[in-house]
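Student: Sequence:
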Amino acid sequence: DSLTEEQVSEYKEAFSLFDKDGDGQITTKELGTVMRSLGQNPSESELQDMINEVDADNNGTIDFPEFLTMMARKMKDTDSEEEIREAFKVFDRDNNGFISAAELRHVMTSIGEKLSDDEVDEMIREA
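For the numbering used here, add 29 to where a residue sits in the sequence shown, where the first one is 1.
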């Protein structure tokens, strides 16, 4: 799950915009602004968690390699959520935002490893 050259270039550009003195570090306060400029919308607690994860020396600044690590994680999370939404759409055949017992039964008995009606009944009871 590595970043593309285009992503690295985009992140470097954004990082540089907020690295006011050009020393290769951004402060934690600037982090939120950088992430928002890249289309992310982290909460204060998410920002603090991300900073804590990558700011190994606890100096309150993040260098570019640390920033790339953080963005790669954030993008991976975003991709996973999108994949889950796509999978949900396969089950939610009438697009009403819910998976009915009938929709679950249809998918589980017709796609992939086909389940028996009894197995689907058991799955529905457990849900």
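Among these hints, one or two may not hold up.
The calculated lysine to aspartate or glutamate pairs, modelled on EDC-like cross-linking and capped at a C-alpha distance of 20 Å, are [to be verified]:
#1 58 <-> 35
#2 103 <-> 115
#3 103 <-> 73
I should point out that these hints are in silico values taken from the structure, not numbers from a laboratory.
No experiment lies behind these values; they were computed from the predicted model shown.
Student: Hints first: check each against the structure and report whether it holds.
Tutor: Structure-based check of all given hints:
1. 58 <-> 35: 26 Å, violated
2. 103 <-> 115: 19 Å, holds
3. 103 <-> 73: The hint holds at about 15 Å.
Hint 1 from the earlier list is the only one contradicted by this structure; the remaining hints agree with it.
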